[in-house]
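Novice: Sequence:
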Amino acid sequence: MRLSRYFLPILREDPKEAEIVSHRLMLRAGMIRQESAGIYAWLPMGYRVLQKINAIVREEQNRAGAIELLMPVIQSADLWRESGRYDDFGKEMLRICDRHDRDMLFGPTNEEMITEIFRGYVRSYKDLPLNLYHIQWKFRDEVRPRFGVMRSREFLMKDAYSFDLDVAGARHSYNRMFVAYLRTFARMGLKAIPIRADTGPIGGDLSHEFIILASTGESEVFCHGDYLAMEPPAADIDFDDPAQMQGIFDDWTSRYAATEEMHDKAAFEALPDNAKVSARGIEVGHIFFFGTKYSQAMKAVVSGPDGKDIPVQMGSYGIGPSRLAAALIEANHDESGIIWPDAVAPFHVGIANLKTGDAATDAACESLYAKLEKAGRDVLYDDRDERPGAKFARMDLIGLPWQVIVGPKGLAEGKVEVKNRRSGERELLSPDEALNKLSGT
Numbered sequence: 005m006r007l008s009r010y011f012l013p014i015l016r017e018d019p020k021e022a023e024i025v026s027h028r029l030m031l032r033a034g035m036i037r038q039e040s041a042g043i044y045a046w047l048p049m050g051y052r053v054l055q056k057i058n059a060i061v062r063e064e065q066n067r068a069g070a071i072e073l074l075m076p077v078i079q080s081a082d083l084w085r086e087s088g089r090y091d092d093f094g095k096e097m098l099r100i101c102d103r104h105d106r107d108m109l110f111g112p113t114n115e116e117m118i119t120e121i122f123r124g125y126v127r128s129y130k131d132l133p134l135n136l137y138h139i140q141w142k143f144r145d146e147v148r149p150r151f152g153v154m155r156s157r158e159f160l161m162k163d164a165y166s167f168d169l170d171v172a173g174a175r176h177s178y179n180r181m182f183v184a185y186l187r188t189f190a191r192m193g194l195k196a197i198p199i200r201a202d203t204g205p206i207g208g209d210l211s212h213e214f215i216i217l218a219s220t221g222e223s224e225v226f227c228h229g230d231y232l233a234m235e236p237p238a239a240d241i242d243f244d245d246p247a248q249m250q251g252i253f254d255d256w257t258s259r260y261a262a263t264e265e266m267h268d269k270a271a272f273e274a275l276p277d278n279a280k281v282s283a284r285g286i287e288v289g290h291i292f293f294f295g296t297k298y299s300q301a302m303k304a305v306v307s308g309p310d311g312k313d314i315p316v317q318m319g320s321y322g323i324g325p326s327r328l329a330a331a332l333i334e335a336n337h338d339e340s341g342i343i344w345p346d347a348v349a350p351f352h353v354g355i356a357n358l359k360t361g362d363a364a365t366d367a368a369c370e371s372l373y374a375k376l377e378k379a380g381r382d383v384l385y386d387d388r389d390e391r392p393g394a395k396f397a398r399m400d401l402i403g404l405p406w407q408v409i410v411g412p413k414g415l416a417e418g419k420v421e422v423k424n425r426r427s428g429e430r431e432l433l434s435p436d437e438a439l440n441k442l443s444g445t
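For any residue, its number in the working numbering is found by taking its place in the sequence shown, counting from 1, and adding 4.
If you are wondering where the hints come from, they were derived from the structure by calculation, not from laboratory data.
These figures come from a predicted structure and were not determined experimentally.
Worth double-checking, as some hints may not be accurate.
Restricting the straight-line Cα-Cα distance to at most 30 Å, the calculated cross-link-like pairs of lysine-lysine (DSBU-like) are [as the list claims (entries may be wrong)]:
id: 1; residue 1: K413; residue 2: K423
id: 2; residue 1: K195; residue 2: K303
id: 3; residue 1: K359; residue 2: K280
id: 4; residue 1: K413; residue 2: K359
id: 5; residue 1: K130; residue 2: K95
id: 6; residue 1: K95; residue 2: K303
id: 7; residue 1: K312; residue 2: K378
id: 8; residue 1: K441; residue 2: K375
id: 9; residue 1: K280; residue 2: K312
id: 10; residue 1: K423; residue 2: K378
id: 11; residue 1: K130; residue 2: K20
id: 12; residue 1: K375; residue 2: K423
id: 13; residue 1: K375; residue 2: K413
Put together the whole structure using the sequences plus the hints.
Specialist: Take a look at the structure:
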């Protein structure tokens with residue numbers, strides 16, 4: 005993409021309304037624009053990041069056996085009355101009426117709707133297990149939305165829902181999602197710590213939230229230091245092996261980990277001093293097992309092996325891609341701007357032409373741009389006629405993993421400068437060497 009043809013509205017000054025790093029940098033880097041309290045437009049740069057996050061989430065859900073569908077944003081209030089949650093959910097639910105005076109709502113979550121879909125089609129235990137997911141916008145009318153997309157009213161959510169015949173099967177489904185979540189966050193360059201959590205309005209008695217450590221996190225986290233060195237499950241694990249899934253779950257939950265709400269001070273103090281980690285954290289995922297809470301209320305039953313109707317065992321599993329975009333910045337930034345992990349970067353490489361209009365620099369940039377694109381790299385080519393300092397500042401602000409700086413002085417010696425945004429390391433390479441290096445990163 006040529007910057008001269010791209011929409012990238014950079015802000016020079018820090019927005020006054022931005023309280024945390026991710027909100028400030030997302031506004032400054034032209035990723036989002038606030039349209040009203042807690043509601044944001046995702047501009048092209050931000051939307052590219054969101055798409056990269058969604059792709060990883062989708063791949064790992066599919067790998068774990070979940071099946072994608074798409075449910076509506078607007079839901080019937082009757083479904084929520086059927087489950088008993090319509091009046092219990094509180095003022096965070098945005099309730100509306102259509103022109104026929106039917107009570108509707110802007111979905112804050114989808115347990116009721118997916119249960120209604122399931123009961124409409126699934127009749128036999130032979131059709132289980134089943135895990136259905138979608139990536140869809142949600143709305144919760146937060147009394148005080150803040151921190152940009154970290155705590156907004158409208159947000160993007162991946163929510164999956166499992167259906168099983170019995171508790172053993174449901175636990176296996178839970179463990180599969182637990183493992184999928186570990187892999188998902190690791191692929192984004194994040195170290196996520198699974199922590200036993202309160203189930204809240206979702207219900208049930210088994211729940212884990214996945215926390216990444218960041219100095220600006222909402223919660224205080226206390227955990228064993230082993231979590232910081234644990235390797236995520238490999239890509240070739242067998243999601244159909246209950247023993248393997250349970251083993252991974254047991255390993256990742258065998259050490260102390262708690263947020264301040266569920267912190268056991270005595271248990272934490274009993275850890276060796278060199279194993280105690282106390283830090284701030286951000287929730288990036290939450291999974292629940294709630295048994296027959298919804299299937300009983302909404303009569304989602306299947307015919308069992310003996311012909312008798314059995315209410316299915318259910319769980320739900322959420323990841324917020326829009327929240328993740330902000331969390332990634334909180335965990336990956338410096339004083340100059342964002343530092344994107346390769347897997348979610350909006351572009352892999354930024355090319356800065358330091359003398360637009362010069363025949364040699366134009367030709368070198370055009371050649372690198374075309375060849376990197378052909379090699380499958382996403383490239384942002386800064387071809388605008390601006391002073392070099394502005395180009396350097398912009399490249400650092402938007403945080404692309406690699407920068408190629410092309411100027412007449414370096415080209416006179418047959419060199420371009422390649423900079424790694426994360427390490428800051430710079431190399432003078434020939435254009436061909438730069439191409440070889442960046443085509444394989």
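Novice: Against each hint, give a clear statement of whether it holds in the structure.
Specialist: So, going through the hints one by one against the coordinates:
1. Under the criterion of a C-alpha separation no larger than 30 Å, the hint pairing K413 with K423 is consistent with the structure, at around 17 Å.
2. Note on K195 and K303: the hinted pairing is violated, with a Cα-Cα distance of about 40 Å set against a maximum of 30 Å.
3. Taking the CA atoms of K359 and K280, the gap is about 53 Å. The hint is violated against a cut of 30 Å.
4. Proximity of K413 to K359 is assessed by CA-CA distance (about 10 Å); at most 30 Å being required, the pair is judged to hold.
5. A distance of roughly 40 Å separates the Cα atoms of K130 and K95; the hinted pair therefore is violated under the 30 Å criterion.
6. Our distance criterion of 30 Å between C-alpha atoms is met by K95 and K303, whose separation comes to about 27 Å.
7. A threshold of 30 Å between alpha carbons decides the hint, and for K312 with K378 the separation of about 60 Å lies outside it, so the pair is violated.
8. In summary, the hint linking K441 to K375 is supported, as the alpha carbons are separated by about 12 Å, within the 30 Å threshold.
9. Restraint check for K280 and K312: not satisfied, since their Cα atoms lie roughly 51 Å apart, outside the 30 Å limit.
10. With a CA separation close to 21 Å, the supplied pair K423 and K378 stays within the 30 Å bound.
11. The suggested pairing of K130 with K20 is violated, with an alpha-carbon distance near 58 Å, which exceeds 30 Å.
12. Taken as a hint, the K375 and K423 pair is honoured in the structure, with Cα atoms around 18 Å apart against an allowance of 30 Å.
13. For the given pair, K375 sits about 22 Å from K413 by alpha-carbon distance, which is consistent with the 30 Å threshold.
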